[in-house]
Amino acid sequence: MAMLTEAHKRFIVQALACWDSPQEVADAVKAEFGLNVHRSQVAQYDPTKVAGQRLAKKWVDLFEATHQRFREEVAEIPIADQAYRLRQLGKIYERHISRGNVVGAAAVLEQAAKETGGAFTNRREHTGAGGGPIEQKTVVVDETQVAAAVAKLQRDY
Numbered sequence: 001m002a003m004l005t006e007a008h009k010r011f012i013v014q015a016l017a018c019w020d021s022p023q024e025v026a027d028a029v030k031a032e033f034g035l036n037v038h039r040s041q042v043a044q045y046d047p048t049k050v051a052g053q054r055l056a057k058k059w060v061d062l063f064e065a066t067h068q069r070f071r072e073e074v075a076e077i078p079i080a081d082q083a084y085r086l087r088q089l090g091k092i093y094e095r096h097i098s099r100g101n102v103v104g105a106a107a108v109l110e111q112a113a114k115e116t117g118g119a120f121t122n123r124r125e126h127t128g129a130g131g132g133p134i135e136q137k138t139v140v141v142d143e144t145q146v147a148a149a150v151a152k153l154q155r156d157y
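With the numbering used here, the residue at position 53 of the sequence shown is 53, and numbering never jumps.
Honestly, I wouldn't trust all of these hints.
Calculated cross-link-like contacts (lysine-lysine; reagent style DSSO-like; alpha-carbon spacing at most 30 Å) [to be verified]:
| hint | residue 1 | residue 2 |
| --- | --- | --- |
| 1 | 49 | 30 |
| 2 | 58 | 9 |
| 3 | 152 | 137 |
| 4 | 57 | 30 |
| 5 | 9 | 49 |
| 6 | 30 | 58 |
| 7 | 30 | 9 |
| 8 | 91 | 114 |
| 9 | 57 | 9 |
Okay, the calculated beta carbon distance ranges per label pair [unchecked claim]:
| hint | residue 1 | residue 2 | range |
| --- | --- | --- | --- |
| 10 | 71 | 128 | 31 to 37 Å |
| 11 | 71 | 138 | 41 to 47 Å |
| 12 | 75 | 103 | 30 to 36 Å |
| 13 | 82 | 36 | 37 to 43 Å |
| 14 | 94 | 71 | 30 to 36 Å |
| 15 | 81 | 128 | 28 to 34 Å |
| 16 | 64 | 89 | 34 to 40 Å |
| 17 | 134 | 19 | 30 to 36 Å |
| 18 | 145 | 49 | 54 to 60 Å |
| 19 | 110 | 53 | 41 to 47 Å |
| 20 | 75 | 51 | 28 to 34 Å |
| 21 | 23 | 115 | 30 to 36 Å |
Treat the hints as calculated values from the structure; they're not laboratory data. Everything numeric in this text was worked out from a predicted model, so none of it was measured. Cβ coordinates follow ideal geometry from the N, Cα and C atoms, glycine included.
With the sequences and hints as input, model every part of the structure.
Below you can see the structure in the form of structure tokens.
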């Protein structure tokens, strides 16, 4: 295991808080400090993983603060905003239409539909009408009803 200084540990914790994988962080430590660190050693600085369960409080606090700040900063990135993405898709659509590229325009329309329909989120709703439970009906049929339905299908076919 590599001997890590406070600066190394801080760098590792902050990178992990920004959702970098342990391997990505190990590679970044090599590039930044010239220090070879194994990904399993890096994983010990992620309090959300089993390996980091006994991480010192100061590193956990730094992880959580960095994680929160990162999430807030992502909200300030234009492309992370749905309205911005739809506006850009509208511009691309107009370019395709003005050039007569119907196939490209159709692809942009599909992309916009997916965007507005929530296809690019990790939220999935499985509910019935009005957000209520999905209505389930159980239909009980007897043998004569099944035989009559089969006979009708055979006659129509």
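Right, here's what the structure says about each hint:
1. 49 / 30: Holds, at about 22 Å.
2. 58 / 9: holds, 11 Å
3. 152 / 137: holds, 24 Å
4. 57 / 30: holds, 26 Å
5. 9 / 49: OK: residue 9 and residue 49 at ~16 Å, within 30 Å.
6. 30 / 58: Between residue 30 and residue 58 the Cα gap is close to 24 Å, so the pair holds against 30 Å.
7. 30 / 9: With a Cα-Cα distance of about 13 Å, the restraint between residue 30 and residue 9 holds, given a limit of 30 Å.
8. 91 / 114: holds, 17 Å
9. 57 / 9: Holds. Residue 57 to residue 9 sits at ~13 Å (cutoff 30 Å).
10. 71 / 128: 31 to 37 Å: holds, 32 Å
11. 71 / 138: 41 to 47 Å: holds, 45 Å
12. 75 / 103: 30 to 36 Å: holds, 34 Å
13. 82 / 36: 37 to 43 Å: Roughly 42 Å apart at Cβ, these two residues keep to the hinted range, so it holds.
14. 94 / 71: 30 to 36 Å: Given range 30 to 36 Å: holds, Cβ gap about 33 Å.
15. 81 / 128: 28 to 34 Å: The hinted range 28 to 34 Å holds for residue 81 and residue 128, with Cβ atoms some 31 Å apart.
16. 64 / 89: 34 to 40 Å: Holds: the Cβ-Cβ distance is about 35 Å, inside 34 to 40 Å.
17. 134 / 19: 30 to 36 Å: Holds, at about 34 Å.
18. 145 / 49: 54 to 60 Å: With a Cβ separation near 57 Å, residue 145 and residue 49 satisfy 54 to 60 Å, so the hint holds.
19. 110 / 53: 41 to 47 Å: Holds, at about 44 Å.
20. 75 / 51: 28 to 34 Å: holds, 30 Å
21. 23 / 115: 30 to 36 Å: holds, 31 Å
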